[in-house]
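Number of protein chains: 2
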Amino acid sequence: MNDALLTRLQELRDLAGVINLATWDQETYLPRKAEAARAAQLSTLQGLYHERLIDPRLGEWMAQATAATPDELATLRVLRRERDRAVKLPSRLVKAIAEAQSVALGAWREARARRTFAPFAPKLAVLVELRREQADALGHDGERYDALLEGYEPGMRVARLTPVLASLTTKLRPLIAAIEAKGPPRDPLAGKRFPVDDQWAFTLEVLQAMGFDLEAGRQDRSIHPFSSGLSATDVRLTTRLFEEQPWSAIFGTIHEGGHGLYEQGFSPEHFRSPLAQSPSMGLHESQSRLWENLVGRGRPFWTFFFPKLVARFPTQLAGLSVDDVLASVNKVERSFTRVDADEVTYNLHIALRYELELGLVRGTLSVADIEEAWNQKTRALLGLEVTQPVEGVLQDIHWAWGEFGYFPTYALGNLYGATLYATAARELPSLEADLARGHLLGLREWLREKVHQHGARLDAEDLVRQVTGHGLRDDDFIAALQARYG
Amino acid sequence: MNDALLTRLQELRDLAGVINLATWDQETYLPRKAEAARAAQLSTLQGLYHERLIDPRLGEWMAQATAATPDELATLRVLRRERDRAVKLPSRLVKAIAEAQSVALGAWREARARRTFAPFAPKLAVLVELRREQADALGHDGERYDALLEGYEPGMRVARLTPVLASLTTKLRPLIAAIEAKGPPRDPLAGKRFPVDDQWAFTLEVLQAMGFDLEAGRQDRSIHPFSSGLSATDVRLTTRLFEEQPWSAIFGTIHEGGHGLYEQGFSPEHFRSPLAQSPSMGLHESQSRLWENLVGRGRPFWTFFFPKLVARFPTQLAGLSVDDVLASVNKVERSFTRVDADEVTYNLHIALRYELELGLVRGTLSVADIEEAWNQKTRALLGLEVTQPVEGVLQDIHWAWGEFGYFPTYALGNLYGATLYATAARELPSLEADLARGHLLGLREWLREKVHQHGARLDAEDLVRQVTGHGLRDDDFIAALQARYG
Chain A
1 MNDALLTRLQ
11 ELRDLAGVIN
21 LATWDQETYL
31 PRKAEAARAA
41 QLSTLQGLYH
51 ERLIDPRLGE
61 WMAQATAATP
71 DELATLRVLR
81 RERDRAVKLP
91 SRLVKAIAEA
101 QSVALGAWRE
111 ARARRTFAPF
121 APKLAVLVEL
131 RREQADALGH
141 DGERYDALLE
151 GYEPGMRVAR
161 LTPVLASLTT
171 KLRPLIAAIE
181 AKGPPRDPLA
191 GKRFPVDDQW
201 AFTLEVLQAM
211 GFDLEAGRQD
221 RSIHPFSSGL
231 SATDVRLTTR
241 LFEEQPWSAI
251 FGTIHEGGHG
261 LYEQGFSPEH
271 FRSPLAQSPS
281 MGLHESQSRL
291 WENLVGRGRP
301 FWTFFFPKLV
311 ARFPTQLAGL
321 SVDDVLASVN
331 KVERSFTRVD
341 ADEVTYNLHI
351 ALRYELELGL
361 VRGTLSVADI
371 EEAWNQKTRA
381 LLGLEVTQPV
391 EGVLQDIHWA
401 WGEFGYFPTY
411 ALGNLYGATL
421 YATAARELPS
431 LEADLARGHL
441 LGLREWLREK
451 VHQHGARLDA
461 EDLVRQVTGH
471 GLRDDDFIAA
481 LQARYG
Chain B
1 MNDALLTRLQ
11 ELRDLAGVIN
21 LATWDQETYL
31 PRKAEAARAA
41 QLSTLQGLYH
51 ERLIDPRLGE
61 WMAQATAATP
71 DELATLRVLR
81 RERDRAVKLP
91 SRLVKAIAEA
101 QSVALGAWRE
111 ARARRTFAPF
121 APKLAVLVEL
131 RREQADALGH
141 DGERYDALLE
151 GYEPGMRVAR
161 LTPVLASLTT
171 KLRPLIAAIE
181 AKGPPRDPLA
191 GKRFPVDDQW
201 AFTLEVLQAM
211 GFDLEAGRQD
221 RSIHPFSSGL
231 SATDVRLTTR
241 LFEEQPWSAI
251 FGTIHEGGHG
261 LYEQGFSPEH
271 FRSPLAQSPS
281 MGLHESQSRL
291 WENLVGRGRP
301 FWTFFFPKLV
311 ARFPTQLAGL
321 SVDDVLASVN
331 KVERSFTRVD
341 ADEVTYNLHI
351 ALRYELELGL
361 VRGTLSVADI
371 EEAWNQKTRA
381 LLGLEVTQPV
391 EGVLQDIHWA
401 WGEFGYFPTY
411 ALGNLYGATL
421 YATAARELPS
431 LEADLARGHL
441 LGLREWLREK
451 VHQHGARLDA
461 EDLVRQVTGH
471 GLRDDDFIAA
481 LQARYG
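Keeping their order, the protein sequence lines are chains A and B.
For reference, each letter of the first sequence is one residue, going 1 to 486 in the numbering used here.
For reference, each letter of the second sequence is one residue, going 1 to 486 in the numbering used here.
Fair warning: there could be bad hints in the mix.
No more than 30 angstroms apart at the CA atoms, straight line, and that leaves these computed lysine-lysine pairs for BS3-like [to be verified]:
#1 B/Lys192 <-> B/Lys308
#2 A/Lys33 <-> B/Lys450
#3 B/Lys192 <-> A/Lys33
#4 B/Lys33 <-> B/Lys88
#5 B/Lys171 <-> B/Lys182
#6 B/Lys331 <-> B/Lys192
#7 B/Lys33 <-> A/Lys308
#8 B/Lys171 <-> B/Lys377
#9 A/Lys377 <-> A/Lys171
#10 A/Lys450 <-> B/Lys182
#11 A/Lys33 <-> A/Lys182
#12 B/Lys182 <-> B/Lys192
To be clear, the hints were calculated from the coordinates, so they are not data collected in a lab.
Turn these sequences into a full structure, and let the hints steer you where they fit.
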């Protein structure tokens, strides 16, 4: 690769890191009155990034480039994919989508405040139309949704995803019925108060045990938890603290910590290279879900951390056992709201959204019918009757952002996470014993070696196949649930 | 002004704000291991800023532009000045200076560690030579130093500055002698401990009284206190806390708060415009010095804040009076170190540096002779005998950064600050009575109306002349010192 290309690549990664800094700051320390100024700054940064990505000279440098190593080949592949998508979109369409997003977001907020879908519907319809147009501009083999999915999960296709999610749904429903047959869930910690400073200290203790390097990252508070990699040596997590909901902070931290370990694990060789990123959102999510659910909700983890929790909250946990904590963190309950869903019912919420947005993008379902379709599917999948749209079609912000194709990556995260964890358990015979004595670093090292350090060298499913010996499937996920709840 | 020009102006301001964000973060929250990544990000941002500033298209847009208002005229003037300087510098020279700075900074640190000037001398000589070359590239009327001074204090010239600093020095020396004749300074607070959390709370109380808007800015901790405007609605101050030195945090906050009020006071009309900045470093410094010294070291201020300080530190201040606090904050003492100097002796340190760097830039003094010249001038101006270079020629970082022409702006800040304060006291007859009852907002409003809101509309001395009726002079500064110490 020539110097001009290399310099441009580094510049783009630096800009991406700075955009992440400005966004992180927006959610953590930005003064209230600075919102307009920050929006302008972010818009300028994003404009510069886009301009330099579609720059015709970059196209020429890429055309002239020859890859001397497999990493250079992968770099060119990743860059070409990102650039092709950017180049194919007419700036008129980019602008129209940005404006429609802004309008739809306002309408969504209004609809939620008025508790009726009506104000949002026409704006959502505009967004759907623009995204269909975008899919056509990007190109596809007759399945528009694939072109959108590609933006979040490169290489994934509807034809591959649909049967997996259908199989998953089929297996989940009897499992949920079996769990419910055992009686209502119990929560021995409900109603107790846990001072937030002690929660904070506990989350840092967990992060340190996970091997999250607090000299190459940090944790702060924000309204919505998130993680952001400004570089592999600068990974920022946030969590939120509620006195009566300690699991919110603790599982928030473990989840974001999983994302954070991934970002910290990129190879130092890929510093300022586009390979220092995850190949897909689903694979990124696999790391957060693996730590949050496979590790964090398991008995080995709490065998080690229960005494530490008791040390911080002796009064609140007086007379309680590890089993009580496990009961509290593993409640399974069908509910309306995705973000509050447990790990068992969660994917049904994804299946619902996937089917609906597939219909919208294909044109087989119209926005006018979406509220009714949502409620009908909630009935069919979850057996619940939606009585107000805030619990139904208005609950997620994603469609108001104009994001179609994003939701499935959450389910992919669950499936990839379970598959990777099952493989780790096979390859590390002492894994659960290690977790039970607080040695979480063995798992981190395994993930770093098998997944993290590779960054975007391979597409997500190819990497998973390389590590586990097979591609996307729901077997390990279902087996994990059966082991815990069966 | 046409749209392309306006858009570019906004983009440059946004980039400048983002550079300030990345720099602020570097000094406050950046993880230790992220230094290299942040250096790369900052270098990319600065490169983009420079590239877009010297862009020939910007030159064309400016040439075509006609100013419809006085503000547009001022905008073009400010932009043209900045751009002309950037365009005149060959990129070879820019690169050579950056490299020499980096080398010199390392040599300066080594020299300090080894307590000898020798390792720094040859690197300093390279920097001096490059800055002389830079001055010639920028152009001047035979006085090279003017071309460098222009970068910090546009419009200021050696011919104007030298007699003012000479007069100041002449007046300060008998004043210092008179103060010393009264006997050694006393510090009734020496040796006491002030818990840092209470110091922090007190600094916020002071900031609020000053009218610093904490919804359009914030205060954090850092190793070196500074202030930074990311926009007028996002102004960030830092301070540092030492248990045994409460004045460090308190006067640090008042100083940075003075800078911060200036940044918050730019006109909302100048949002994303180059007019939303100070015309010079000296005028910016006038605002910090005015609040720190004229307000913060005065009896009216402590008449109001003394009881508040007692409320926070009742044990430490038991039996002490306002006079004791005033004695503690107004100690006058000749010393080696500029940054520790009191407001009376401070300008002698500046006079020393100014004369030396003027000699270096003119070529009448060589780096080989600079240590001896420093020591000789310390003897002449301060009557002190330098015994080690860390107390002498190695004390400041500025020359290691390659900054020549920067030091005088500190003295200009003192003079402009005193002149503006004297004018405020004339125009606001109740000023000192207001300060004594904690009403600091009247002064803030006066400064906002007379100085802050104008941003870079006028050059510093022109603005001072417009407000006070006269340009740079030392009369008000000397009068203020005589009133306090005479």
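Going through the hints against the structure:
1. B/Lys192 <-> B/Lys308: Between B/Lys192 and B/Lys308 the Cα gap is close to 18 angstroms, so the pair holds against 30 angstroms.
2. A/Lys33 <-> B/Lys450: With Cα atoms ~24 angstroms apart, A/Lys33 and B/Lys450 stay inside 30 angstroms; holds.
3. B/Lys192 <-> A/Lys33: violated, 39 angstroms
4. B/Lys33 <-> B/Lys88: violated, 37 angstroms
5. B/Lys171 <-> B/Lys182: Holds: B/Lys171 and B/Lys182 sit about 18 angstroms apart, inside 30 angstroms.
6. B/Lys331 <-> B/Lys192: With Cα atoms ~17 angstroms apart, B/Lys331 and B/Lys192 stay inside 30 angstroms; holds.
7. B/Lys33 <-> A/Lys308: holds, 29 angstroms
8. B/Lys171 <-> B/Lys377: Between B/Lys171 and B/Lys377 the Cα gap is close to 17 angstroms, so the pair holds against 30 angstroms.
9. A/Lys377 <-> A/Lys171: OK: A/Lys377 and A/Lys171 at ~17 angstroms, within 30 angstroms.
10. A/Lys450 <-> B/Lys182: violated, 76 angstroms
11. A/Lys33 <-> A/Lys182: violated, 52 angstroms
12. B/Lys182 <-> B/Lys192: holds, 25 angstroms
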